[in-house]
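Novice: What follows is the residue order along each chain.
Protein chains: 2
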Amino acid sequence: MTVVKVALLGFGTVGQGVFEILENNKETLQKQIGAEVHMTSILVKNIDKQRNLPSSLRVTDRMEEVLQQNPDVIFEAINGEEPARKYINRALEKGVSIITANKEMFAKHGRSLLNTAEKNGTAIGYEATTASGTPIIGMISKLLQMNRITKVEAILNGTSNYILTHIQEEGMSFENALSLAQSKGFAEVDPSSDLKGIDAFYKLMILSELIYGTQPKWDQVSCDGISHLTSNDFKTAGRSGKRIKLLASLEQHNNQIIARVEPKALDSNHPLFSVNGVDNAIMVDGEFTGPLTLRGPGAGKLPTASAMVEDFITAMQTRPLLQTISI
Amino acid sequence: MTVVKVALLGFGTVGQGVFEILENNKETLQKQIGAEVHMTSILVKNIDKQRNLPSSLRVTDRMEEVLQQNPDVIFEAINGEEPARKYINRALEKGVSIITANKEMFAKHGRSLLNTAEKNGTAIGYEATTASGTPIIGMISKLLQMNRITKVEAILNGTSNYILTHIQEEGMSFENALSLAQSKGFAEVDPSSDLKGIDAFYKLMILSELIYGTQPKWDQVSCDGISHLTSNDFKTAGRSGKRIKLLASLEQHNNQIIARVEPKALDSNHPLFSVNGVDNAIMVDGEFTGPLTLRGPGAGKLPTASAMVEDFITAMQTRPLLQTISI
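Quick note, the sequences are listed as chains A and B, same order. Numbering follows the UniProt record's numbering, in which position 95 of the first sequence is assigned residue number 95; successive positions increment by one, without gaps. Numbering follows the UniProt record's numbering, in which position 119 of the second sequence is assigned residue number 119; successive positions increment by one, without gaps.
Bear in mind the hints are in silico, worked out from the structure with no lab data behind them. Treat each hint with caution, since some may be false.
You can't tell identical chains apart in this list, so a pair holds if it fits in one copy or across any two.
[What the hints assert, rightly or not] Derived lysine-lysine pairs resembling PhoX-like cross-links, with alpha carbons at most 25 Å apart:
{"no.": "1", "residue 1": "Lys31", "residue 2": "Lys119"}
{"no.": "2", "residue 1": "Lys119", "residue 2": "Lys5"}
{"no.": "3", "residue 1": "Lys5", "residue 2": "Lys86"}
{"no.": "4", "residue 1": "Lys151", "residue 2": "Lys301"}
{"no.": "5", "residue 1": "Lys242", "residue 2": "Lys119"}
{"no.": "6", "residue 1": "Lys264", "residue 2": "Lys119"}
{"no.": "7", "residue 1": "Lys151", "residue 2": "Lys31"}
{"no.": "8", "residue 1": "Lys26", "residue 2": "Lys151"}
{"no.": "9", "residue 1": "Lys151", "residue 2": "Lys242"}
{"no.": "10", "residue 1": "Lys45", "residue 2": "Lys301"}
If you're wondering where the values come from, they're calculated on a predicted model, not measured in any experiment.
With the hints as extra help, turn the sequences into a complete structure.
Specialist: Written as structure tokens, this is what we have:
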């Protein structure tokens, strides 16, 4: 039986989700990729922490050790730019394929890493960077084969959307809605990246790179969040039957990409009007297809991990000879 | 340069759309599949009808002639069960791959044709049978690699949805809404297949085959349309803030598939509540991803043709050696 060796960087919520799905679905995976998946090592920050893991699995805080085991594919589930970028770059140069969920890192270095991957005959899957288990990247990639995309409008931050929903549908105050989001694990203790639109901005830049092959200059993108909205703003919107959403949008005019993240009052005919709670959604206007809207969970352990494992399956199916080792 | 020979069955709205997209996007296509696409023949009912087509193209009413030109791929854009099934079957047995938009034929004979295709090392693309350019089949196929699908709810008939929208949002009578749909080309002169739920039923059976590998017995599926709804039904729904939609649903309990097509009043939190006009939409509940909702045009020349051409590209990319001829 052919074996595929995989490693995992990061054992937080998403990392644990990947581990669980790989462990609990061995038969399905084997059927899909025609090979057995062996996890060889997990990179963590603190190796002394108690974890309930099989003893065959190397738990280490050193990237060298991970690479020494010669994995075919690495799942990267760390947060933030560094050391994730550095680790991924080294792995790609060694011919390892990467599946990542790291939006900040990929928004900043996606193009350069994709180039490194191409040079080394490996692949990068990044579905999980944008809208978790909702297959936005896959849908757009397929659409782009034949359709020019003329416009994108999206709700890409689940935390903001959860807060906006509770303010507008339940009449909550901003502070109470934020507290509720935090108590449910939908908002970080420091929620500023979500509330200022930065999280949505990273995802929008990943989409820009995918759709137009490039990104606008970051300082030319107007990026605004929801924290300065007043109860008056919500009342005004409500009176005309509208709902305020944190909208990320992308258009191209005369070869210039216009990208924006901003709160916008949508009327009830807008396809994103009814997207409530922590969901994400995207409206993509294709040249031939017309507008397509895809909605689904914007975060969560299993949705995000599922997106990563699906990327893994796709990578294995499209380059089976490169990435399996016969034993 | 490698050449792929294609033929087209049917030159109605969808067939013309396929012809146009293939003709007007030769460069994009060549980039996607690494081969030049040559259309060799078009099968029509009436060869005497005036058509503005290149003289290099054989226009014929005989399937033998189409097959004599040894096409690699055939686009099938005929309506109804026969002779479409017979033509496709013969083509598959000759090793030709098929891209079809024919829902009635594929609901009835999909499984048998897929088996014939497998036996002959060819492929069938059928994205366009269900919801036109909205890539439902592709999304579900990808999801199924890792996720068990626990539930499906969908709006699969654009005509009914258009009529329901105009009754509920504009206060039109059923008769006026139907006339409007007919005048806009959204409803046939004989709209009974749409209004009785039969069109949605065919698409639901295609989804059942895809998701569960089988279909329920057709006479055990409750299939109800919208023509018997009364103004009272709409008033009752409206009073509680609901909207009536023609809902096609699929669930599996104890290995039994429960499929239904029926008008149902949805409340404003339902992901299909805001799907208005001729759009189609589907909510698919995945084991790990949770509920995903995809919405887009349910009919139309270019959306449907675009789905067929995307299927063609996928078929060519996944089996390039089988289906191209070096010249």
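Novice: Quick one: Lys151 to Lys301, C-alpha cut-off 25 Å, is that within a copy, between copies, both, or neither?
Specialist: between (30 Å within a copy, 21 Å between copies)
Novice: When Cα atoms must be at most 25 Å apart, do Lys45 and Lys301 count as within-copy, between-copy, both, or neither?
Specialist: Within. Shortest intra-copy distance 19 Å satisfies the 25 Å Cα cut-off; inter-copy 55 Å does not.
Novice: Checking an output row: Lys26 and Lys151, CA cutoff 25 Å. Within, between, both or neither?
Specialist: between (40 Å within a copy, 24 Å between copies)
Novice: With 25 Å as the alpha-carbon cut-off, assign the pair Lys119 and Lys5 to within, between, both or neither.
Specialist: within (22 Å within a copy, 33 Å between copies)
Novice: At most 25 Å between CA atoms: does that hold for Lys151 and Lys31 within a copy, between copies, both, or neither?
Specialist: Between copies only: 23 Å across, 38 Å inside.
Novice: My question is about Lys5 and Lys86: at a cut-off of 25 Å on alpha-carbon distance, are they close within one copy, between copies, both, or neither?
Specialist: Within one copy, since 21 Å is at most 25 Å while 47 Å is not.
Novice: Which holds for Lys242 with Lys119 at a C-alpha limit of 25 Å: within a copy, between copies, both or neither?
Specialist: neither (49 Å within a copy, 55 Å between copies)
Novice: Given identical chains, is Lys31 near Lys119, meaning Cα to Cα at most 25 Å, within a copy, between copies, both, or neither?
Specialist: between (30 Å within a copy, 20 Å between copies)
Novice: Reference check for the pair Lys151 and Lys242, CA-CA at most 25 Å: within, between, both, or neither?
Specialist: within (21 Å within a copy, 31 Å between copies)
Novice: When Cα atoms must be at most 25 Å apart, do Lys264 and Lys119 count as within-copy, between-copy, both, or neither?
Specialist: neither (42 Å within a copy, 54 Å between copies)
Hint violations for this structure: numbers 5, 6, all remaining hints satisfied.
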